[in-house]
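K.L.:
Sequence:
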Amino acid sequence: MNRRLTLNGLLIERVTHESGKTELHLCPAEAESRKVEHRKSITGRPECKVIKPIVEVPDSMVQLKLASDHLQVNFTGGMTMQDSASVENLAFVGEEVGATGIVTRFQDERHGLVVEQHLEAGPVEGTLLAWSTVINQGESPLTLEMLSSFVLSGITPFVSDDAPGRLKVHRFRSWWSNEGRLCSESVEALHLERSWSGFNLVSERFGQVGTMPVRKFFPFVAVEDTGAGVLWGAQLAWAGSWQMEVSRRGDQLSLSGGLADYEFGHWKKVLQPGERMSTPVAHLACVQGELSDLTGKLVRMQELLLPEPPPSEADLPVIFNEWCTNWGSPSHDKTLALARRLLGTGIRYLVIDDGWAVRPAEATMQSNGDWIVDRQKFPDGIGATCRQLREMGFTPGIWFEFEVCNPGSKAFEESAHHLQREGKPLRVGSRRFWNLNDAWVQDYLGKKLIDFLNENQLGYLKVDYNDTIGIGCDHPDSIGEGLRQHVNGIHATFKRIRESVKDLVIENCSSGGHRLEPSMMALTSMSSFSDAHESRNIPVIARQMHYLIPPRQSQIWAVLYPEDDDQRLIYSLTAALYGRMCLSGPVHDLSDGQMDLIKEAVAFYQSAAPIIKDGHTRFLGQTPDNWNNPTGWQGIWREDEKGERALLVVHAFDGLPEEELVIELPASACRTLALSLADTSCGEPVLTGGRLILPNGPAYRGYAFLFGK
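Under this note's numbering, the first residue of the sequence shown carries the number 30, and numbering increases by one thereafter.
Check before you lean on any hint, since a few could be wrong.
With a Cα cut of at most 30 Å, we get these calculated DSSO-like pairs of lysine-lysine [said to hold, decoys possible]:
1. K245 with K69
2. K245 with K64
3. K81 with K69
4. K81 with K64
5. K524 with K439
6. K453 with K476
7. K476 with K524
8. K628 with K738
9. K531 with K363
10. K439 with K476
11. K363 with K477
12. K439 with K477
13. K671 with K738
14. K363 with K453
15. K297 with K453
16. K245 with K476
17. K81 with K197
18. K476 with K531
19. K81 with K297
20. K363 with K628
21. K671 with K628
22. K245 with K439
Listed next, with one range per pair, are the computed distances between beta-carbon atoms [to be verified]:
23. G622 with K476: 43 to 49 Å
24. D654 with S189: 32 to 38 Å
25. G672 with D344: 46 to 52 Å
26. P591 with K476: 39 to 45 Å
27. E391 with D683: 31 to 37 Å
28. S307 with D618: 50 to 56 Å
29. G672 with Q405: 51 to 57 Å
30. D480 with E125: 43 to 49 Å
31. S358 with A413: 17 to 23 Å
32. A413 with S213: 50 to 56 Å
33. Q651 with D467: 33 to 39 Å
Derived by calculation from the structure, the hints in this document are not laboratory data.
By construction, the Cβ of each residue, glycine as well, lies at the ideal position given by its N, Cα and C atoms.
Turn these sequences into a full structure, and let the hints steer you where they fit.
P.N.:
Set out below in structure tokens:
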């Protein structure tokens with residue numbers, strides 16, 4: 030029995046085939062009338078003479094595999110675990126439809142396994158939350174090797190054939206200090222065309238393995254029907270190993286994703302009788318429009334699902350982090366000298382980064398685990414520094430990498446409380462990793478971290494995380510299940526810190542941007558967008574983050590040096606206007622004129638903060654191909670939700686024609702220029718009608734403008 034209903038602006042169809050498989054189809058309700066009936070056969074081609082090509086190969090709205098079942102489809106071993114015998118034995122048994130969601134139930138009668146697929150309306154029209162729950166109602170343990178969070182099938186419903194030349198797959202690649210490169214490829218370029226007979230399953234499985242969820246790829250995928258102008262997309266909220274799959278069965282594509290499976294992520298889970306388990310949540314969207322419309326809905330959904338931030342975050346204060354000032358050697362005197370220099374600038378958070386703790390001889394840089402204040406640098410302790418900072422009007426902050434410990438610390442020898450692999454402490458480089466599910470470790474962190482924050486009146490915590498545990502850690506079920514349990518421990522620890530320290534602002538940093546996914550964003554006030562501190566690619570990365578995370582959570586570095594001229598200073602300062610402004614560098618050596626420019630930039634940011642906090646982004650120009658040596662120009666137009674004010678940020682790189690740069694502004698009622706931040710040494714920008722004209726000038730220039738009605 031098929032089912033059609035509309036939920037949150039989406040037409041949801043549950044299609045049950047003769048084979049017994051049940052698919053989930055989505056399309057925007059407004060596009061329903063453009064759907065077409067799919068072809069039943071292929072004729073008139075040479076390959077049709079003897080063997081009849083298959084056009085319809087049913088999918089399943091839940092993909093799972095039990096270890097006791099075999100893979101089902103030819104040539105798929107090692108490539109995908111979809112369509113196993115476990116899926117063949119799932120039978121639809123019913124559903125519950127409520128005002129805000131649907132629960133669809135399946136059962137494998139052989140084992141008493143019940144599977145629930147949950148779909149819940151997201152807080153933005155055109156979005157859903159999706160996850161799967163499995164319950165062992167049998168009498169024997171069951172070993173899972175794969176379980177999806179979501180499966181979307183029937184892509185595309187707007188053509189009757191296999192949609193040659195019109196389907197694109199969008200992903201965002203990521204490496205350290207180069208996060209968020211959009212990669213848009215045709216289905217043909219990914220070699221996901223149907224075969225002549227259509228009988229074989231082909232799949233592009235991708236993801237990451239470890240505890241840095243944004244590594245090589247962001248946990249995001251979208252498919253676009255360029256002919257219909259409709260996109261289907263998903264973003265996983267998970268800080269561990271994950272996978273996505275774009276699959277071809279006959280004529281149509283499907284999207285699926287969830288935990289990395291046994292082949293890809295070494296994950297097996299033994300489900301005991303009576304036990305249940307749920308997958309990470311996937312954020313789904315289906316829109317009529319373009320990619321930025323899809324990502325805009327997913328980012329807005331993240332924003333609306335965030336918990337209430339600390340009161341101090343209401344106006345998105347500016348941060349100063351002394352890392353690129355002291356480079357791992359902070360002190361009481363240096364911190365207060367910085368604070369005195371920063372008085373009157375409007376900066377509120379002043380963060381003491383790595384180097385405040387005693388560093389043993391074995392440590393080359395960081396020293397984690399013991400966290401003993403270095404009394405040579407802070408003679409009266411961190412508390413004395415914090416008290417003076419608060420008296421001067423600053424909120425004091427501090428850096429911790431609390432999930433690991435390094436050689437030379439006493440904590441490094443507490444091997445019984447570290448994650449293990451094959452019975453030995455798991456070590457990556459100079460790091461061992463605390464077992465965050467160990468009660469002894471929880472008590473230790475309570476004293477070393479939570480009590481430390483409370484006793485010293487710290488209002489800001491920068492949490493760093495500088496390596497991944499890789500494929501996993503010891504667990505009776507599998508090392509992948511060990512990793513899953515550890516990620517649950519990470520989440521629980523962040524929640525405990527947030528609940529134990531009143532009004533604490535937490536920054537999520539993982540060598541910059543390795544944890545930029547919804548589950549970690551929801552546990553913290555903001556995230557370091559990247560470890561790109563001083564490089565030319567900062568505005569490029571910062572702009573890309575608008576596709577993936579809320580700008581009010583995207584902390585962007587602007588490192589300022591006394592040798593910087595106004596052009597360079599403004600290039601750096603305007604880059605920070607793509608999100609949360611974070612300043613650093615030897616500001617005590619800046620001239621009074623340079624400090625005045627910083628004050629001007631901070632004041633501009635404060636005026637723009639409400640738009641950064643709540644708005645919709647449109648992308649202008651083109652993302653450069655080479656990020657280290659960018660050419661051309663790029664920008665964003667971010668308008669507030671009421672359409673009353675807008676922020677325009679533009680960066681001109683190298684290789685522009687020797688003429689004025691003319692920027693066509695998006696259609697908007699906001700056309701009155703209220704405020705600007707620009708280097709005018711080569712001429713004044715000119716606003717005429719719906720055009721902004723920037724004068725010809727040298728490479729690497731930044732501009733920012735605020736518009737009103």
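K.L.:
Does each hint fit the structure? Answer for all of them.
P.N.:
A quick look at each hint next to the structure:
no.	hint	verdict
1	K245 with K69	violated (40 Å)
2	K245 with K64	violated (36 Å)
3	K81 with K69	holds (11 Å)
4	K81 with K64	holds (26 Å)
5	K524 with K439	holds (26 Å)
6	K453 with K476	holds (26 Å)
7	K476 with K524	holds (16 Å)
8	K628 with K738	holds (26 Å)
9	K531 with K363	holds (27 Å)
10	K439 with K476	holds (15 Å)
11	K363 with K477	holds (24 Å)
12	K439 with K477	holds (13 Å)
13	K671 with K738	holds (11 Å)
14	K363 with K453	violated (42 Å)
15	K297 with K453	holds (21 Å)
16	K245 with K476	violated (36 Å)
17	K81 with K197	holds (28 Å)
18	K476 with K531	holds (16 Å)
19	K81 with K297	violated (39 Å)
20	K363 with K628	holds (21 Å)
21	K671 with K628	holds (28 Å)
22	K245 with K439	violated (34 Å)
23	G622 with K476: 43 to 49 Å	holds (48 Å)
24	D654 with S189: 32 to 38 Å	holds (37 Å)
25	G672 with D344: 46 to 52 Å	violated (21 Å)
26	P591 with K476: 39 to 45 Å	holds (42 Å)
27	E391 with D683: 31 to 37 Å	violated (44 Å)
28	S307 with D618: 50 to 56 Å	holds (54 Å)
29	G672 with Q405: 51 to 57 Å	holds (56 Å)
30	D480 with E125: 43 to 49 Å	holds (46 Å)
31	S358 with A413: 17 to 23 Å	holds (18 Å)
32	A413 with S213: 50 to 56 Å	holds (54 Å)
33	Q651 with D467: 33 to 39 Å	violated (50 Å)
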